[in-house]
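Student: Input sequences plus hints: build the corresponding full structure.
The lines below spell out each chain.
Number of protein chains: 2
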Amino acid sequence: MIRLSVDLMGADAGVAELLKGLYLFHKRRLECTFLLFGTRAALSSELKRYPLPKHLFEVVYAQDYVNSDAEVFRTLKSGIDTTMARALHSVVSGQAQGVISAGNTGVYLALSRFILKTLEGVFRPAIISQIPTCRGESVMLDLGGNLDNSSKVLVQYALMGKIFCQKVLGVESPSIGLLNVGTELQKGTDALKEAYDMLKHQKGLNFYGYVEGNDISKGTVDVVVTDGFTGNVALKTGEGTMRMMSFMLNRVFRSSFSARCAGWIAKPFLQDLKAYFDPRVYNGALWLGVRGVAVKSHGGTDSIGFSHALETAYDMVRINIVQEIQNTLLQQISTSE
Amino acid sequence: MIRLSVDLMGADAGVAELLKGLYLFHKRRLECTFLLFGTRAALSSELKRYPLPKHLFEVVYAQDYVNSDAEVFRTLKSGIDTTMARALHSVVSGQAQGVISAGNTGVYLALSRFILKTLEGVFRPAIISQIPTCRGESVMLDLGGNLDNSSKVLVQYALMGKIFCQKVLGVESPSIGLLNVGTELQKGTDALKEAYDMLKHQKGLNFYGYVEGNDISKGTVDVVVTDGFTGNVALKTGEGTMRMMSFMLNRVFRSSFSARCAGWIAKPFLQDLKAYFDPRVYNGALWLGVRGVAVKSHGGTDSIGFSHALETAYDMVRINIVQEIQNTLLQQISTSE
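Protein sequences appear in the order of chains Y and U.
Per our numbering, the first sequence runs over residues 1 to 337.
Per our numbering, the second sequence runs over residues 1 to 337.
These are computed hints drawn from the structure, not numbers from a lab.
Quick caveat, the model's predicted, so the values are computed rather than measured.
Glycine is no exception: its CB is placed at the ideal position from the N, C-alpha and C atoms.
Each hint should be verified, as a subset may be incorrect.
Said to hold, decoys possible - Stretches of chain Y that chain U covers, calculated by requiring three or more beta carbons in the stretch to come under 8 Å of a beta carbon on chain U: (1) 144-151; (2) 183-195; (3) 214-221; (4) 225-235; (5) 244-250; (6) 272-280.
Tutor: Printed below as a string of structure tokens:
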């Protein structure tokens, strides 16, 4: 039986919306149990609105929570009795197998590294997520975990991304692409060129080579490897572009009476499309490389989005992603020694 | 009367397609004259297919042209008699006021700096282009001119981007955003933090602060300032996402008989949308900061796209963007002294 620790505080969406999402997820996964973390003031009254069965849900109140503008350093020093830190500790103590939060990203990443610790051999944990493409789905990392990444870090991202893609998307030998400003060998930074050379000679890796920004949604490769700064901007640019096109679609079909009629007829098909690109479906990014399943939900998501992030955490525990990554890295270390 | 030098070689699209685009543009701008650069083998036979009036078009044959896989260093040393270099030289000698090429981007940028030279006070030239947003259009720079940019370079990009936005989009006091992985002050690289502080204290600049990837298409600011690596990836990611959504729209409306019917009814409205997002309309990026109008067209564009890039070059000459940028930078230098 899987038990998830859920930090319900610090999200723009608010406690009520997250609880609603939790309830949606609970209805789909009746076998999953939960530890809920909140402050008494925020949580106790909201909880009464949901018929959560007592044997599946346990509530833990903390004194404080991590604010959206909290600073990493200060929280590391004095944030022990926050909902986020206590939720992470519950994974270390074995009370839960995975943790999820929609709170402050920077603090969550720092606390995860500090409390869960990184896996043996991991240089830097990365944020990974599935993304929609023309060919189905790909995965991309790092999406903002670390801003400054050297070639050896990028190479490790490729390895971790491969395992994630195999286990989550079921691709046997995922193709790996290194995100660059062009596909020619002379393009890019020195770190990228070094990483390219290392990946080219890596045994057992289906390395495609460089890919460009437009290759992400084309689905040219199964795993897009990049540094945290570029990955974060690319992810958000893609999401923003999808939102812009949805916005313009709505506007076009409201521009006149005949447009409204056409829009009404086209609606069921447009809704199919909307569902495919719904960013809520892709909500839930994993901190890859720490000793535990730690999933980050968008802070501004709604209940449906949060339920998907819970689904991600549940899946990651189910496929035992942490152990899979650890085994691969240890194997890697022993063969290179 | 404006005269443009057009390098017709080295593009994936091929000479015939570019000539077709040139002819489209000529039909719109009958007063513009041209210097066409090509190799005799590629150009002479193609030229016969187009009824280009002799008093408007002059053809210059070069021995060679810059290949798509040509190396920057080698071309700088031995690429004097290429169509690209000769087209650039024609601007220096005053035979033409602007140059356009759809050839090798890296070589074009390097040759532009080498032949045209940079404007006084410019640290590094940047690639700038208009981009579609929910609110209309914004501009973004650098889109791949330089990969490694310090804070003082980013600050100068903001200044140059402001002038471009004023002159091209007619925005009196354009808002400037610095692309980052979050909007909080502690986020980002040291160069970004330094640039933020410098821009905050810059007089006469409408500095908005940090923006994220999703702000680009939201149109949060008029000018998005970023380094060449991030800008290149963001631009291509946005374009790729638009292409993916068009592809999926087509697929949805072909999925069944009823979908085809609905698609047929919705077609005129979807075409309005398609026209708005057509990347060909945004084709034509400017090298900002060199002593002359040098416009880069996508190598893989078609005739319509190439005609838009010619339009960009024509507009840049008409509004005298080079002198505007130079005046602003000299003013900047004299006030800071």
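Student: Each hint: holds or not?
Tutor: Here is what the structure says about each hint:
Only residues whose beta carbon comes within less than 8 Å of a beta carbon in chain U count, and the region 144-151 of chain Y has 3; three or more means the coverage holds. Using a Cβ-Cβ cut-off of 8 Å, 5 residues of the region 183-195 of chain Y lie near chain U, which meets the minimum of three, so the contact claim holds. With 5 residues having a beta carbon nearer than 8 Å to a beta carbon of chain U, the region 214-221 of chain Y meets the requirement of three or more and the stated coverage holds. Against chain U, the region 225-235 of chain Y contributes 8 residues with a C-beta closer than 8 Å to a partner C-beta. That satisfies the three-residue criterion, and the hint holds.
Look at the region 244-250 of chain Y against chain U: 5 of its residues bring a Cβ nearer than 8 Å to a Cβ of that chain, three or more, so the hint holds. Taking a C-beta to C-beta cut-off of 8 Å, the region 272-280 of chain Y contributes 4 residues in contact with chain U, enough for the three needed, and the coverage statement holds.
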